[in-house]
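Chains as they are written, first to last, in the numbering used here: chain G, 1 to 335; chain C, 1 to 335.
No lab work stands behind these hints: they were computed from the structure. It is possible that part of the hints are untrue.
No distinction is drawn between identical chains; accordingly, a pair holds when it is met within one copy or between any pair of copies.
What the hints assert, rightly or not - Capping the alpha-carbon separation at 30 Å, the derived lysine-lysine pairs in DSSO-like fashion look like this:
no., residue 1, residue 2
1, Lys-156, Lys-301
2, Lys-3, Lys-68
3, Lys-3, Lys-156
4, Lys-129, Lys-301
5, Lys-129, Lys-295
6, Lys-295, Lys-156
7, Lys-129, Lys-296
8, Lys-73, Lys-3
9, Lys-144, Lys-295
10, Lys-296, Lys-156
11, Lys-296, Lys-144
12, Lys-301, Lys-126
13, Lys-144, Lys-129
2 protein chains.
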Amino acid sequence: MLKGHQTWVFPSKPTILATGTVVGPFEGKGPLANDFDLIHGDLWLGQDSYEKAEKKMLEEACEVAVNKSGLQKQDIQFFLGGDLLNQIISSSFAARTMAVPYLGLFGACSTSMEGLALGSLLIDSKSAKYLICGTGSHNTAVEKQFRYPTEYGGQKPPTAQWTVTGAGVALLGPEGDGPRVTSATIGKVVDMGLSDPFNMGGAMAPAAVDTITAHFRDLDLSPREYDLIATGDLGRVGHTIARDLLVQHGMEIPEEIFTDCGLLIYNQDQPVQAGGSGCGCAAVVTYGHILNRMKKGELKKVLIIATGALLSPLSYQQNESIPCIAHAVSLEMNV
Amino acid sequence: MLKGHQTWVFPSKPTILATGTVVGPFEGKGPLANDFDLIHGDLWLGQDSYEKAEKKMLEEACEVAVNKSGLQKQDIQFFLGGDLLNQIISSSFAARTMAVPYLGLFGACSTSMEGLALGSLLIDSKSAKYLICGTGSHNTAVEKQFRYPTEYGGQKPPTAQWTVTGAGVALLGPEGDGPRVTSATIGKVVDMGLSDPFNMGGAMAPAAVDTITAHFRDLDLSPREYDLIATGDLGRVGHTIARDLLVQHGMEIPEEIFTDCGLLIYNQDQPVQAGGSGCGCAAVVTYGHILNRMKKGELKKVLIIATGALLSPLSYQQNESIPCIAHAVSLEMNV
């Protein structure tokens with residue numbers, strides 16, 4: 001049900017029955033290690049390409065979620081997925097493995113919440129009973145495609161972010177135990193003319209702010225009604241810009257409830273420049289860490305705003321700026 | 001509302017209020033020229049890259065659809081789009097121009113019906129009142145990305161298809177004059193192990209058959225209840241394979257009602273090998289030609305099955321086969 005201009009309210013409150021989160025060795029050394037289901041010691045996951053390793057993470061995350069839910073594989077009716085690789089091959093090949101009806105999505109690093117929003121709509125409208133939505137990214141596969149192969153050893157500026165190696169999925173159903181999806185705000189493309197692929201956080205911050213303000217306007221809510229408001233992967237630079245822009249829009253989010261998945265996933269002493277990024281970032285931090293905190297009773301109501309930079313290397317080479325987007329999903333426990 | 005395993009039925013029957021179809025010079029010389037809204041004489045559309053020309057076609061198609069509908073731009077609440085270029089840049093940059101909430105999709109050449117299915121779900125569930133869904137492809141941009149730049153002048157085998165230069169969009173609303181969307185069948189990924197990017201039709205045919213049989217099984221219908229059943233872009237080779245496979249599945253579709261958008265768009269004497277392809281193919285043939293025939297009263301009930309090959313050049317280079325998918329949407333007049 002549309003409320004305001006761009007927010008869907010889900011009266012039936014679809015439930016996240018289980019999640020699956022799989023990460024690489026570097027993420028396993030971060031502060032959220034205990035929140036992930038599987039931590040791989042081998043960046044290749046035993047595959048012969050990084051792209052195949054990305055696909056395998058996504059397949060494993062789906063398998064973990066199904067096992068944790070107590071459902072059978074054949075109960076899953078749809079898979080909604082996307083990723084950063086060209087033609088979203090990781091998701092499509094994982095969908096081949098799952099062998100269920102598949103909706104391919106692309107929202108760059110906003111894909112996790114695009115999938116969760118659409119998945120919740122499918123459950124709420126009784127277009128599905130059980131489905132999985134998710135996404136993943138692999139550091140070396142994504143860096144190679146969007147910037148340079150990591151083997152070059154090129155230096156990066158302090159505004160650059162570290163693409164997360166990880167896949168996170170949510171298994172949704174109409175009812176049961178678990179956090180429930182109460183609303184979703186679909187973002188517009190916002191482009192402030194930035195064109196530096198080594199400063200994605202700065203480019204994406206205005207899109208995050210546009211969606212956050214739309215969410216509160218559409219639902220006539222104040223930020224203080226949330227226990228946590230987390231953007232996807234703005235990193236240190238983008239997070240500061242977002243906070244400043246929100247103040248300019250007359251919306252101050254208290255510092256203690258406003259964070260960013262890209263700031264949570266790595267330790268201060270891990271050399272990740274401005275923080276984590278990649279569509280796996282918001283996915284594993286949300287479906288691993290944040291949902292665990294909700295289940296422990298530490299958080300009752302959270303808003304996740306996954307941000308995406310919708311560029312391709314080709315659009316960048318053709319002197320285009322970086323169009324950005326953000327989709328927000330509201331999660332609540334015990335409603 | 002889910003019926004059977006993978007088919008959505010839309011009780012409110014969302015209406016296609018208007019469409020916009022824009023094609024290139026080669027498509028303008030084909031037999032459907034009179035069905036298209038805009039035919040460009042210049043393959044570049046006055047842009048400085050083929051990718052920007054693809055984006056411009058999509059923007060123009062949206063503008064045409066809004067103008068024909070009698071609505072205002074600000075009435076459009078969502079844009080659902082995708083295309084074949086890496087990171088679906090044409091759609092994302094067109095979404096930037098439209099400045100409305102945007103859901104990026106990727107289903108390769110099945111994107112048109114993926115968008116129409118999801119768009120209809122949004123209208124049916126009252127998650128939107130008016131929206132646009134659509135896709136486009138540009139011959140030289142797509143050939144360069146998936147195979148070789150056309151400037152190489154490489155020869156192609158007879159199984160190859162010609163990527164359509166065209167963009168087609170549908171403007172959906174809850175009621176009004178026009179064909180109505182009554183159901184949609186979401187496809188599974190089907191991969192029979194084919195790996196030749198010059199024989200997409202052959203690779204995609206089993207996916208089309210899987211979705212067609214699912215549609216009739218889920219709704220307990222017979223093919224004869226449709227006046228026309230059109231696959232997206234199987235071309236001559238894929239169409240023959242699909243027909244044979246359907247017979248093997250015990251489902252004979254009468255020849256006079258079974259066709260393929262890739263066979264309709266070009267004349268016999270146009271050198272397109274096995275026929276048209278590209279995600280613009282099913283989009284412009286459906287939203288131009290087939291909907292015109294419905295409005296003229298020649299067709300009452302049609303089923304469009306858009307087929308997509310979910311490969312990337314990289315997955316092909318890594319010796320993967322081609323995973324394929326097909327989504328079907330049923331359209332009816334005067335229901």
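Hints versus structure:
1. Lys-156 x Lys-301: Answer is neither: 37 Å inside a copy and 57 Å across each miss the 30 Å cutoff.
2. Lys-3 x Lys-68: Between. Shortest inter-copy distance 27 Å satisfies the 30 Å Cα cut-off; intra-copy 34 Å does not.
3. Lys-3 x Lys-156: The answer is neither: 43 Å in one copy and 52 Å across copies each exceed 30 Å.
4. Lys-129 x Lys-301: So Lys-129 and Lys-301 pass the 30 Å test inside a copy (24 Å) and across (29 Å) alike.
5. Lys-129 x Lys-295: within (22 Å within a copy, 36 Å between copies)
6. Lys-295 x Lys-156: neither (38 Å within a copy, 58 Å between copies)
7. Lys-129 x Lys-296: The answer is within: 26 Å in one copy meets 30 Å, while 39 Å across copies does not.
8. Lys-73 x Lys-3: Classified as between; 19 Å across copies, 35 Å inside a copy.
9. Lys-144 x Lys-295: neither (37 Å within a copy, 49 Å between copies)
10. Lys-296 x Lys-156: Intra 38 Å, inter 60 Å, cutoff 30 Å: neither.
11. Lys-296 x Lys-144: neither (39 Å within a copy, 52 Å between copies)
12. Lys-301 x Lys-126: both (24 Å within a copy, 25 Å between copies)
13. Lys-144 x Lys-129: Neither way: Lys-144 and Lys-129 sit 38 Å apart in one copy and 41 Å across, limit 30 Å.
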